[in-house]
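J.: In case you want the letters, here they are:
Protein chains: 2
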Amino acid sequence: MEFVEKDYAPSEDDLICLFRVEPNSENSFERACDHIAKESSVGTWTHLGTLNERAKRIKARAYKLNDPYVEVAYPSELFELSNIPQVMSSIAGNIFGMKAIDNLRLVDVKFPKKMIEEYAGPRYGIEGVRKTMEVPERPLVGTIVKPKLGLDAKSHAKVAEESWIGGCDVVKDDENLTSQPFNIYEDRLAATLESRDIAEEETGEKKVYMCNTTAGSSEMMERAELIKEMGGRYMMIDVLTTGFSAVQEMRENGPDLIMHAHRAMHGALTRNKKHGITMLALAKLYRLMGVDQLHVGTAVGKMEGGKEEVRMIAENVEKMKIKSRDETKELGQEWHHIKPVFAVSSGGLHPGHVDPLMEFMGNDVIIQSGGGVHGHPDGSKAGARAMRQVVDAKMKGIDPWDYAEDHIELKKALDLWGTS
Amino acid sequence: MEFVEKDYAPSEDDLICLFRVEPNSENSFERACDHIAKESSVGTWTHLGTLNERAKRIKARAYKLNDPYVEVAYPSELFELSNIPQVMSSIAGNIFGMKAIDNLRLVDVKFPKKMIEEYAGPRYGIEGVRKTMEVPERPLVGTIVKPKLGLDAKSHAKVAEESWIGGCDVVKDDENLTSQPFNIYEDRLAATLESRDIAEEETGEKKVYMCNTTAGSSEMMERAELIKEMGGRYMMIDVLTTGFSAVQEMRENGPDLIMHAHRAMHGALTRNKKHGITMLALAKLYRLMGVDQLHVGTAVGKMEGGKEEVRMIAENVEKMKIKSRDETKELGQEWHHIKPVFAVSSGGLHPGHVDPLMEFMGNDVIIQSGGGVHGHPDGSKAGARAMRQVVDAKMKGIDPWDYAEDHIELKKALDLWGTS
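Chains as they are written, first to last, in our numbering: chain A, 1 to 420; chain B, 1001 to 1420.
Don't take each hint at face value.
What the hints assert, rightly or not - No farther apart than 30 Å at their CA atoms in a straight line, the calculated lysine-lysine pairs in the DSS-like style are these:
#, chain 1, residue 1, chain 2, residue 2
1, B, K1006, B, K1113
2, A, K273, B, K1307
3, A, K274, B, K1273
4, A, K274, B, K1329
5, A, K158, B, K1056
6, B, K1114, B, K1412
7, A, K319, B, K1273
8, B, K1113, A, K99
9, A, K273, B, K1412
10, B, K1099, A, K411
11, B, K1056, A, K56
To be verified - Taking beta-carbon pairs under 10 Å as the criterion, some of the chain A residues facing chain B (in silico):
#, residue
12, H47
13, K99
14, Y403
15, L416
Simulated from the structure, these hints should not be mistaken for lab results. Positions of the beta carbon are idealized from the N, C-alpha and C atoms, including for glycine.
Please put together the full structure from these sequences, using the hints given.
T.: Structural data, given as structure tokens:
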């Protein structure tokens, strides 16, 4: 088999992919690996009169076979290294549709230094965000304005204001709120930034609004530029539904704003354990492309994803050097100059989740809670207060129930939702 | 259950989604449907103090439950109708990651007239392409330059020239060829368009080059503009790896070129029968966004996808009015002013596949063959000739083997690869 070379030693310029492979009934595991390395690099299904020496030299090699896992090494000449869509059209392109496999999962991608050098990475990263927020140590506390859709611009700004005044650092739009007729982007942005100013004045804290710019590329660019013009500090993007081209564009040619990446739609790719692309692989791509904050999961709350997995993803976006701890799950990565991304936990969280969440995520996490703030019996301001209180409790090493004894907002939240 | 309304009658402005749902062990089918309609519209996991009348009015309704299938109606007020990323962040966003489901598949989307009115659709469509090519009836014959990667710009142009002179109408880049150091975009474009002129001169036929512009948004725009400037007629885009924002951008603000959509990576979303998004749903989105040509599958060759499925997708992109023939598979669609998209069959095809392929695809198909042209025993020119011959045979109603008796190139191809 031409594309399987068990004694191949990857060069430091090779990009490495870890795949989980289930061949169809007509192929052995090894033959399926051969097909994968072939179709994702230079080959096709038949002998070619046009095949040249370069093509033979730069082919991918399946070199580490560990059924059902395989590592494939791709010489960097195969890629336009600065072009993520091109890289994905190779390593995550036609191979998912081949008859030769029943299931195929891209588990991890390890970028060579040569590729990393082509990217600036996050503009702010964890350190830049903490400096902007003037919050050096504790997790940031955020909320998403709820209901997801339905509020007009003014009511939206009002809910945001109460959340900030209650104690949230961050207020975020929902992933499906952009510019609907009942809540036009420009109006919402203006009103909410005004509320932000009021909240900053009242609390003496830095407050930020993550306004959802998601749209076609140039429309999204205009929306981001308007944020900058109006004195905002953040843009939010749904990075899956906008796509790799637009995310690269916003980082490379967009205004100087902190970039918050929401991952709506990721589950269509990441959920099935045997097929698709892992959140780990996507997260590393978004770090390389330069988002500053990324949703990585909660391991508690309404969304799926186990603790171990969420922690692994968070480490791969937050640390500078990752060593693989399990060769069926991650490849490790040296990030060189690429700054750490602030991991975001969001989805069905309430104050009762915060203690265990901080236990395994540490302090470098943005804890976002929508229903868990606005669903508080005494409203959004009290809900925000309860979230800040439970974070403070954990920072001081105090059990939430104990802390709740003289923090009434937290008490009411825990009474309603419990702890987990 | 608030979001299940079995007696709901959708309004003509509602967008309808057909989902296949597998609840997790803690939820009934009906409860999972409730979660889906809730999370993809206005709801969250808890009661909200901020919930208003508008949110209640514009909520999605799961109204047609047919375990494991459900139709969900979304009032159009939920959407920024001109913004596909926003629509997808709603109907194909967080719901794929909910704990409440084990598997979820977006099977089809039916766009209301109100949404269709926001889009121009394909600029050329089948009729425009046929007029440009001066080929009124038969399928178009195309090739992809092979090997996928490895040729320099000059050799690439030479292979293209032979393919055109042999009989191909269309020459296409491979999905992972963009601008690698050994084959720079500008050089390849210039050399290949020169070859096109030579081939047009020699054959008296129209010939087109589909140059792969795939990149970050503004780089892709520049690459497309260069095609226009240099007298090209087509741009090619990898529509999945670039993403919805970039595809909308290229149609709305790009140069006047025919847009060829390659679907590399679709299998990561479409392959699993229980989870993800069907190719049918994606294909309809790309038609709405205005691509002129789209890969829909082959049902023969190296890629998966059955005949019935490929035919259904092709009909949904090529017809003006589609009636659902199976309510577990498609919703039907009225396309109004949106032109038909030319369906492309590509992936492991050779002349022996053409007769059965035309049998079920009809004449409105672009038949692309890479290895099946350049793998011909006598080279690319003979391979292209064999492909044209077998298309001609079918147009005349002659069996390929009979036609091969006095068409030596076809004979050699059939002897090598057989018929299927």
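J.: Against chain B, run the beta carbon of A/Y403 and see if the smallest gap drops under 10 Å.
T.: Hint on A/Y403: violated, closest Cβ of chain B at ~22 Å, above 10 Å.
J.: Given the hint that B/K1113 pairs with A/K99, test it: the Cα-Cα distance must not exceed 30 Å.
T.: Violated: B/K1113 and A/K99 sit about 38 Å apart, past 30 Å.
J.: Are the Cα atoms of A/K274 and B/K1273 separated by 30 Å or less?
T.: holds (13 Å)
J.: Given the hint that A/K158 pairs with B/K1056, does the C-alpha gap stay at or below 30 Å?
T.: The hint holds at about 19 Å.
J.: Holds or violated: are the alpha carbons of A/K274 and B/K1329 at most 30 Å from each other?
T.: holds (24 Å)
J.: Please verify whether B/K1006 and B/K1113 have alpha carbons no more than 30 Å apart.
T.: Holds, because 24 Å separates the two Cα atoms, which is no more than 30 Å.
J.: Quick check on the hint: A/H47 CB to chain B CB, less than 10 Å?
T.: holds (6 Å)
J.: For the pair we were handed, A/K319 and B/K1273, check the Cα-Cα distance against 30 Å.
T.: Given pair A/K319, B/K1273 is violated - Cα atoms ~37 Å apart, limit 30 Å.
J.: Does the alpha-carbon distance linking B/K1099 and A/K411 stay inside the 30 Å limit?
T.: holds (27 Å)
J.: Any CB of chain B closer than 10 Å to the CB of A/L416?
T.: holds (9 Å)
J.: Taking only the CA atoms, is the gap from A/K273 to B/K1307 under or equal to 30 Å?
T.: Given pair A/K273, B/K1307 holds - Cα atoms ~28 Å apart, limit 30 Å.
J.: Is the straight-line distance between the alpha-carbon of A/K273 and that of B/K1412 30 Å or less?
T.: Violated: A/K273 and B/K1412 sit about 45 Å apart, past 30 Å.
Going through the hint list in order, the structure does not satisfy hints 6, 7, 8, 9, 11, 14.
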